[in-house]
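Trainee: Using the sequences and the hints given, assemble the complete structure.
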Amino acid sequence: RLNKSGYEAYLVGGGVRDLLLGKQPKDFDITTSATPEQVRKLFRNCRLVGRRFRLAHVMFGPEIIEVATFRGHHEHAGDGK
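Counted the way UniProt numbering counts, the sequence shown spans residues 1 to 81.
Heads up, none of these hints are tricks.
Taking CB as the label site, the calculated pair distances span:
1. F53 to E8: 13 to 23 Å
2. K23 to R51: 27 to 37 Å
3. N3 to D27: 18 to 28 Å
4. L11 to R54: 14 to 24 Å
5. K4 to E37: 10 to 20 Å
6. R52 to G22: 28 to 38 Å
7. R52 to Q24: 25 to 35 Å
8. L20 to R51: 31 to 41 Å
9. L20 to R44: 27 to 37 Å
10. G72 to G22: 27 to 37 Å
11. L21 to K41: 28 to 38 Å
12. G22 to R44: 30 to 40 Å
13. S33 to M59: 15 to 25 Å
14. G14 to M59: 16 to 26 Å
With a Cα cut of at most 30 Å, we get these calculated DSS-like pairs of lysine-lysine:
15. K4 to K26
16. K41 to K4
17. K23 to K4
18. K26 to K41
What the hints contain is simulated information worked out from the structure, not anything from laboratory work.
Where a beta carbon is used, it is the ideal one built from N, C-alpha and C, also for glycine.
Mentor: Following this line, the structure appears as structure tokens:
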């Protein structure tokens with residue numbers, strides 16, 4: 001849904017490691033160009049957490065997918081920077 005709405009989004013963290021090792025992932029984390037507020041607009045089953053670094057927790061059945069916005073400088077594909 002993030003990609004279809006024009007945002008970059010990548011699966012990151014321990015879930016990726018577990019998949020590469022052939023293990024069952026315990027959880028999934030996503031990093032995206034969308035702000036937490038934009039994520040909340042896309043997923044009605046979402047709550048924002050954290051004070052300093054806002055995160056979006058998207059409920060997916062019994063699982064919580066943690067969604068974080070890119071931090072620092074990020075060059076978007078095709079922007080010529």
